[in-house]
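Trainee: For the protein sequence lines, the chains are R and L, in the order given. For what it's worth, the working numbering labels the leading residue of the first sequence as 1, then goes sequentially. For what it's worth, the working numbering labels the leading residue of the second sequence as 1, then goes sequentially.
I should point out that these hints are in silico values taken from the structure, not numbers from a laboratory. Note that the structure is predicted; figures quoted are calculated from it, not measured. A portion of the hints provided could be inaccurate.
[Stated by the list, open to error] A few chain L residues that don't get close to chain R, going by computed Cβ distances all over 10 Å:
hint	residue
1	34
2	44
3	124
4	173
5	227
6	238
7	269
8	290
[As the list claims (entries may be wrong)] Stretch-level coverage of chain R by chain L, calculated; a stretch enters the list once three of its residues show a Cβ under 8 Å from a Cβ in chain L:
hint	region
9	33-41
10	109-121
11	124-132
[Said to hold, decoys possible] Residues from chain L shown here face chain R by an in silico Cβ test under 8 Å; the list is partial:
hint	residue
12	83
13	87
14	101
15	102
16	105
17	129
18	136
19	137
Beta carbons are placed, not taken as given, at the ideal position from N, Cα and C, and that holds for glycine.
One letter stands for each residue in the lines below.
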Amino acid sequence: MAVDSPFWRRACEKLVGEEDSGKRLLSLWRLYATMDLLFLARGPQVALTFYVSDFVVGLAAVTATFLLAERFDGIGPWTKPQVLFLLGYAVLVRGLINIFFSYNLAFISRRIGRGQLDHVLIQPQPLWMVLLTEGFAPVTGSGMFVPGLGLLVWAASQLNLEVPPTWYLLLAVDLVASIAVVLAFEYIVGSLAFWAPRAAEEINSSSWRLITQLAPFPLEGLSTWALGSLLTVVPVGLVAWYPARVLLGVGTTLWENAVLPAVAVVLVTVAFWIFSRGLRHYGRTGSTRYLDYGHRR
Amino acid sequence: MVALDRHATSTTDIVVDLSGVWKVYRQRVRSARVGDLLRNLLRPEIRVVEALRGVDLTVRRGEVVAYAGPNGAGKSTTIKLLSGLLAPDRGRVRALGMDPVRDRVQYVGRIGVVFGQRTELWWDHPVAASFEWKRVVWNIPRPRYERMLGLVRELLGLDDIFRTLARELSLGQRMRADLALALLHEPEILLLDEPTLGLDVLARRRILSFIRELNREREVSVIVTSHDMAELEQLAGRIVLLHQGEIAFDGVFAELRRVLSQRRVLTLETASEEAPLLVGAELIRTMPGRHEYAFDAARFKLSDLLEQAAAQAEVLDVETHRAPIDEVVADLYEHWLKASPAAQPGSIMTSST
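Based on the sequences and whatever the hints tell you, model everything.
Mentor: Shown next as structure tokens:
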């Protein structure tokens, strides 16, 4: 059978999407980046407010761990520079989520609960494409990315890491996997809003706090059950602790390197399944309410 | 007039086809009594609301259809079904030869939707940015975008608000901008759910005139819901009246008046201040020397009423006119409300088309 037959073309399109999907993604990212820049460029007060508030939030997120490491010259088996690396990684993950999944795309329960999904469904593009692009805010979302990256690089330099080129590839894979874990968790919990929009609209705020507040802490010393739970049920340990441990070579084996991406794939699959069921329910019941502020963004 | 460069459409002239469509919602009913707390949690009472009950409806290309009915009649549900936001529980929804839910991505690229109570504009951006956003997301070719942009800016008078943040627009300005946004890709079907809700007379007139113009020039099929009957009559030739999820009337406005009522309004000016008592006419307004009555012309003759009036007072002047469509339909809604549960929807009037 010829590979350019309609059957094969359709099969390939099913697997990788329409042939111009890549171009569409780039074009949409460019659009949202421009809109984000224009939003911030409305005035210096807006820009200042954004960056100062993000800086304060970022500072608050790492202060406890930093002070503990400073006071005790490290935490458990982690030296002070290693803790700083862990902090940098955790902030970088949050920063990347802020950049790519802003405007409540990471807090999907708000969009569902406020009836904002209707705005998405009347756009002539696949839902996955909207979810991947509409929250792109490289300007307003960079308030945590820049300090996170800076902290990671500085801590790595303090550690005098001698790493092969594959280490950078592992770092990139782990960052993507950590982001996927956080988002999958948010979508699994946030999908509750399909069934109880009013009650569950803000549930992603709580789940976000749950998964990000503990992320910059080393988890050694916990019981097997507690640690197991924090790596599966509420996968806090996979946001920063586990990948930082792997990247710094703390008790690493080849098998351990594969855990984070594997769990990320499982969690994303579960999130996809629950979200799809929620969407089907939404198609049957529609949005049960619509708020005045349930408009775009 | 500029040349049309529409997408290829289905060969049939029918653009919307609803066939035996049912939509049922289930609502939890909770009592406010503390004693019912446990029952509310464990065995809540479920009320079944039949929003649409076997609706059959077709709309032809270039037709403007007014979709009306009392609150809860199923208007917005129909618009949502046609927007691809809801799937029917039973029956079939086809529009432009497609299933709005299954073929959502392709389908929504060919329709325009305006919900009066919400906006598609980006709140913290000028109107212009939302238009540019639409161009990219809808993948509108630049020449078509420029042409439509010029058209909507001119006809809807958007120049003065084009660079204003959406959050700073008045309701009327926002509606104009939303309507323009819905039209940039040249939709073949325009779904308008209460597009003039809360607008002042001027803004309303501007929007109505634009929709008429658009339909005349471009053969866009329009389905519009509103509670304002006079407005719907200005806009549409055909009216579909919904009652409890069923189509109670489908025809032209003149036919609706004829079938519904021969209600007339009679105004008398008399030498005496007091209003004459007329058997067969209801006094609806009076002030010294001027009195307004409503009566059913099918049952009572005007000459009889005037005879009665002349017997009681010196009549100086007489005016008579048909009741406004709003009153006619309000009478119908009131009739539905008072009707016993046995009076099933659809039994009040038969479909005329």
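Trainee: Run every hint past the structure and note whether it holds.
Mentor: Hint-by-hint comparison with the structure:
1. Every beta carbon of chain R lies more than 10 Å from that of residue 34 of chain L, the smallest distance being close to 20 Å; the non-interface claim holds.
2. For residue 44 of chain L, the shortest C-beta to C-beta distance to chain R comes to about 13 Å, beyond the 10 Å cut-off, and the non-interface label holds.
3. Distance check for residue 124 of chain L against chain R: the nearest CB is about 6 Å away, which does not clear 10 Å, and the non-interface claim fails.
4. With a least CB separation of 15 Å from chain R, residue 173 of chain L remains clear of the 10 Å interface cut-off, as annotated.
5. Once the 10 Å rule is applied to beta carbons, residue 227 of chain L is consistent with being away from chain R; the minimum gap is 18 Å.
6. Even its closest Cβ contact with chain R, about 25 Å, leaves residue 238 of chain L beyond 10 Å, as expected for a residue assigned away from the interface.
7. The claim that residue 269 of chain L is not at the interface with chain R holds, since no C-beta of that chain comes within 10 Å of its own (minimum 49 Å).
8. The claim that residue 290 of chain L is not at the interface with chain R holds, since no C-beta of that chain comes within 10 Å of its own (minimum 44 Å).
9. With 3 residues having a beta carbon nearer than 8 Å to a beta carbon of chain L, the region 33-41 of chain R meets the requirement of three or more and the stated coverage holds.
10. Counting residues of the region 109-121 of chain R whose C-beta sits closer than 8 Å to any C-beta of chain L gives 4, which meets the bar of three, so the coverage hint holds.
11. Judged by the Cβ-Cβ criterion of 8 Å, the region 124-132 of chain R is covered by chain L as claimed, because 3 of its residues qualify and three suffice.
12. Restraint check, residue 83 of chain L versus chain R: the minimum CB separation of about 6 Å is within 8 Å; hint holds.
13. Annotation: residue 87 of chain L was flagged as interfacial toward chain R, and the flag holds, the nearest CB pair being 5 Å apart, inside 8 Å.
14. Of the supplied interface hints, the one on residue 101 of chain L holds, with its beta-carbon coming within about 6 Å of a beta-carbon of chain R, less than 8 Å.
15. Annotation: interface hint on residue 102 of chain L violated; nearest CB of chain R at approximately 10 Å, more than 8 Å.
16. For residue 105 of chain L, the suggested interface contact is upheld, since its CB lies about 5 Å from the closest CB of chain R, less than 8 Å.
17. Nearest Cβ of chain R to the Cβ of residue 129 of chain L: about 6 Å, under the 8 Å cut. The hint holds.
18. Against a cut-off of 8 Å between C-beta atoms, the interface hint on residue 136 of chain L holds, since the closest Cβ of chain R lies about 5 Å away.
19. Taking 8 Å as the C-beta contact cut-off toward chain R, the hint placing residue 137 of chain L at the interface holds, the least distance being around 6 Å.
Hints 3 and 15, counting from the list given before, are not met by this structure.
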